[in-house]
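Participant: With the hints as constraints, model all of the structure from the sequences given.
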Amino acid sequence: MINHKEIHFARLISVALHIFSVIIIPLIIGFSFFLQRKIDQAFERYGRDETIKLINIMGIFGLLTILFSPKRKKLPN
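Residue numbers for the sequence shown follow this note's numbering, beginning at 1 and rising by one.
No lab work stands behind these hints: they were computed from the structure.
Don't take every hint at face value.
Claimed, not checked - With beta-carbon atoms standing in for the labels, derived distance ranges:
1. I23 <-> I52: 42 to 50 Å
2. L67 <-> F20: 22 to 30 Å
3. Q36 <-> S14: 41 to 49 Å
4. K5 <-> F68: 55 to 63 Å
5. F34 <-> H4: 38 to 46 Å
6. I7 <-> F68: 30 to 38 Å
7. N3 <-> F34: 55 to 63 Å
8. E44 <-> I24: 29 to 37 Å
Cβ coordinates follow ideal geometry from the N, Cα and C atoms, glycine included.
Facilitator: Listed below in structure tokens is the structure:
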């Protein structure tokens, strides 16, 4: 005999997976392109070693620094 609670749960799971695949995954892909662009700008601004230190040592705070730092011109050497 078919249990209607199991069918309801299966439908709920299928709708949740559909929402995840249609909405969330494109947002994650878009954010990754944005983050890659910001990291490339940080390479130009801070240099390779300083950018790696920001990301590895400071973790999420280093990423926030890279994401929300104002766009500045590179200082001449």
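Participant: Which of the numbered hints are not met once you compare them with the structure shown?
Facilitator: 1, 3, 4, 6 and 7
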